[in-house]
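Colleague: In case you want the letters, here they are:
2 protein chains.
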Amino acid sequence: MKNYYKNKKVLITGGLGFLGSNLAIELVGLGAKVVVIDSLIPEYGGNLFNVEGIADKIKINISDVRDDHSMKYLVRGVDHLFNLAGQTSHMDSMSDPLADLDINARAQLHILEACRKYNPGISIVYASTRQIYGKPEYLPVDEKHPLCPVDINGVNKLAGEQYHMLYHRVYGIRVCVLRLTNTIGPRMRIKDSRQTFLGIWIRFLLEGKPFEVWGGDQIRDFTYSRDATSAFLIAGSDKKAAGNIFNLGGDGSIKLKDLAELLVAVNGEGSYKIKEFPADRKKIDIDDYYADHSKFTKQCRWKPKVRLKQALKETLDYYRENAGNYI
Amino acid sequence: MKNYYKNKKVLITGGLGFLGSNLAIELVGLGAKVVVIDSLIPEYGGNLFNVEGIADKIKINISDVRDDHSMKYLVRGVDHLFNLAGQTSHMDSMSDPLADLDINARAQLHILEACRKYNPGISIVYASTRQIYGKPEYLPVDEKHPLCPVDINGVNKLAGEQYHMLYHRVYGIRVCVLRLTNTIGPRMRIKDSRQTFLGIWIRFLLEGKPFEVWGGDQIRDFTYSRDATSAFLIAGSDKKAAGNIFNLGGDGSIKLKDLAELLVAVNGEGSYKIKEFPADRKKIDIDDYYADHSKFTKQCRWKPKVRLKQALKETLDYYRENAGNYI
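Residue numbers (our numbering), protein chains in the order written: chain G, 375 to 701; chain E, 375 to 701.
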């Protein structure tokens with residue numbers, strides 16, 4: 375893979391966001407020619423600071439994936455599309471379901487239609503989510519688990535994923551789908567909990583305030599950003615990945631209250647409060663979740679390498695240095 | 375049920391279409407106050423002739439379910455919504471995926487948001503489709519079968535169904551989902567195969583031309599319109615139906631070439647040609663399908679009563695009399 379991406383033309387939607395920017399940085403290091411697309415909608419993950427170190431080595435195209443016309447132009451001549459743009463907040467999807475639909479489903483059809491018409495030889499990796507499984511019927515959750523999303527975001531992300539697989543089956547476009555679990559690391563949104571609850575935990579911790587743990591007994595797993603970007607790079611370059619759906623996962627699983635303890639310990643100071651789950655969030659909560667990612671390991675040898683403790687340490691280090699650009 | 379719908383205010387989306395109009399006719403007979411909504415888009419199933427006998431007893435509102443504003447007004451004060459408006463053509467969903475998305479998914483969110491905000495006490499029956507199962511992994515297909523749609527129409531109808539179930543779970547709106555299989559009978563579209571291939575078969579038969587059977591070995595099941603409307607009426611009135619998803623089915627299953635034979639026999643004359651499956655349709659075909667509808671039978675005592683032969687006879691009789699209004 376070291377040489378695979380050299381001089382490859384790569385397009386990243388959501389490329390100023392958390393994972394998109396980490397991926398762009400990796401790809402620049404591998405010698406790829408990178409164009410990032412981002413809408414920079416203030417409530418979403420895009421942040422120009424995320425690409426500060428590589429801004430002169432990439433092309434930044436500010437546009438919204440809902441803008442059919444820009445997508446028709448931008449997909450042309452590209453070798454790889456990493457399709458990461460999305461609305462990620464579960465609560466926002468309930469309060470504004472149509473915006474979630476337009477970004478996570480309707481825009482995906484735009485993008486796929488643009489690829490089909492103007493660049494059918496493209497290779498696409500689509501960032502899907504564990505949210506499409508809904509409340510797990512068994513653990514760990516593998517890719518054969520029933521799909522029964524519990525919120526609007528899950529329904530729309532499922533449609534987005536199914537469009538991608540359909541364009542692979544019917545039109546032969548090379549597609550790999552990665553179903554992400556909680557992903558954490560430098561460049562994630564920490565202003566609020568729209569991208570991940572860990573963001574707001576870290577913000578409060580750095581501001582010297584107790585952070586809130588809702589419930590606390592829920593079990594979750596976490597992928598560190600460096601492991602996630604390596605998953606995307608493998609999914610794009612390994613021919614065995616084409617036409618497949620893979621779960622990502624992390625270094626084991628952990629109860630949220632134990633994660634809170636670990637975060638405070640790694641930080642060296644800080645505190646948290648256990649709070650009751652707010653009723654409106656409880657209604658769309660998925661209870662316990664952790665992924666079985668062995669299919670991806672078996673087929674493409676991807677494995678999460680960063681231990682959770684190390685992931686938290688590196689993340690805290692990053693925000694201790696750069697919090698001003700994220701809050 | 376005889377008295378249940380008396381004086382009930384009932385709204386039917388797609389109410390000038392095949393099933394919508396049959397349902398409106400039944401409901402008028404039961405003493406309900408019926409408003410039908412239809413866009414009368416020429417390629418879809420709406421036809422003013424469908425309600426000729428009851429036109430002075432119902433309110434006809436010509437509007438598109440994509441029109442958010444009209445829906446916000448029309449759902450107010452209604453007891454029952456039979457939500458049947460949809461784009462039904464699988465091929466059209468592939469050539470114009472965004473139109474299919476806007477009708478079968480986006481408009482459904484409009485409708486549900488309108489109900490949540492302006493009429494949360496409404497009871498909704500949603501017309502879903504067996505298309506969301508994709509290629510059956512086993513037969514007969516029950517409601518627990520995996521959902522893996524093979525065309526854009528299937529993806530969008532699945533999203534539409536999941537929105538409905540979600541608004542039931544999260545907001546407590548009374549919802550029942552019926553997954554329809556091939557439905558046939560008077561008032562269906564016979565101009566082309568956009569609603570059902572049987573439509574175009576009947577048109578050719580009545581015009582004295584051989585109709586085309588593509589493949590012929592595919593197994594299908596058929597619900598007669600009278601059985602389908604009785605399913606909708608039960609789903610709306612029986613409290614045990616609320617929060618449930620039910621398959622509809624029919625009088626057994628049959629290979630398409632045997633159905634062609636039966637249709638010609640019932641008609642007393644006519645002929646057909648077996649043709650190879652066109653490549654673009656083969657790619658989105660679901661192979662054999664027939665439903666297990668025992669869940670609906672057990673929970674709500676619905677059962678298809680009309681034998682296939684009788685269904686074909688009544689349908690042919692209707693179009694022999696009224697073909698001019700449909701071609």
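Please keep in mind that the hints were generated in silico from the structure rather than gathered at the bench. Among the clues, some could well be false.
[Stated by the list, open to error] Here are the simulated DSS-like cross-link-like pairs (lysine-lysine), alpha carbons at most 30 Å apart as the crow flies:
id	chain 1	residue 1	chain 2	residue 2
1	E	565	G	446
2	G	613	E	518
3	E	491	G	669
4	G	657	E	613
5	G	657	E	657
6	E	509	G	614
7	E	518	G	657
8	G	509	E	491
9	E	509	G	491
10	G	509	E	669
11	G	509	E	565
12	E	518	G	509
13	G	518	E	446
14	E	683	G	657
15	E	614	E	565
16	E	565	E	509
17	G	614	E	491
18	E	629	G	613
19	G	669	E	407
20	G	657	E	491
21	G	491	E	657
Colleague: The structure should be examined with respect to each hint, and the outcome stated for every one.
Modeller: Hint-by-hint comparison with the structure:
1. 565/E x 446/G: Violated - the C-alpha atoms of residue 446/G and residue 565/E are around 35 Å apart, more than 30 Å.
2. 613/G x 518/E: Measuring from Cα to Cα gives roughly 33 Å; hence the hint is violated.
3. 491/E x 669/G: 44 Å, violated
4. 657/G x 613/E: 23 Å, holds
5. 657/G x 657/E: Distance of about 39 Å is beyond 30 Å: violated.
6. 509/E x 614/G: 24 Å, holds
7. 518/E x 657/G: 23 Å, holds
8. 509/G x 491/E: 27 Å, holds
9. 509/E x 491/G: 27 Å, holds
10. 509/G x 669/E: 23 Å, holds
11. 509/G x 565/E: 45 Å, violated
12. 518/E x 509/G: 16 Å, holds
13. 518/G x 446/E: Distance ~39 Å between residue 518/G and residue 446/E Cα, so the pair is violated.
14. 683/E x 657/G: 48 Å, violated
15. 614/E x 565/E: 38 Å, violated
16. 565/E x 509/E: Status holds; Cα separation ~27 Å.
17. 614/G x 491/E: 48 Å, violated
18. 629/E x 613/G: Cα-Cα ~39 Å, so violated.
19. 669/G x 407/E: 56 Å, violated
20. 657/G x 491/E: Judged against 30 Å, a Cα distance of about 18 Å means the pair holds.
21. 491/G x 657/E: 18 Å, holds
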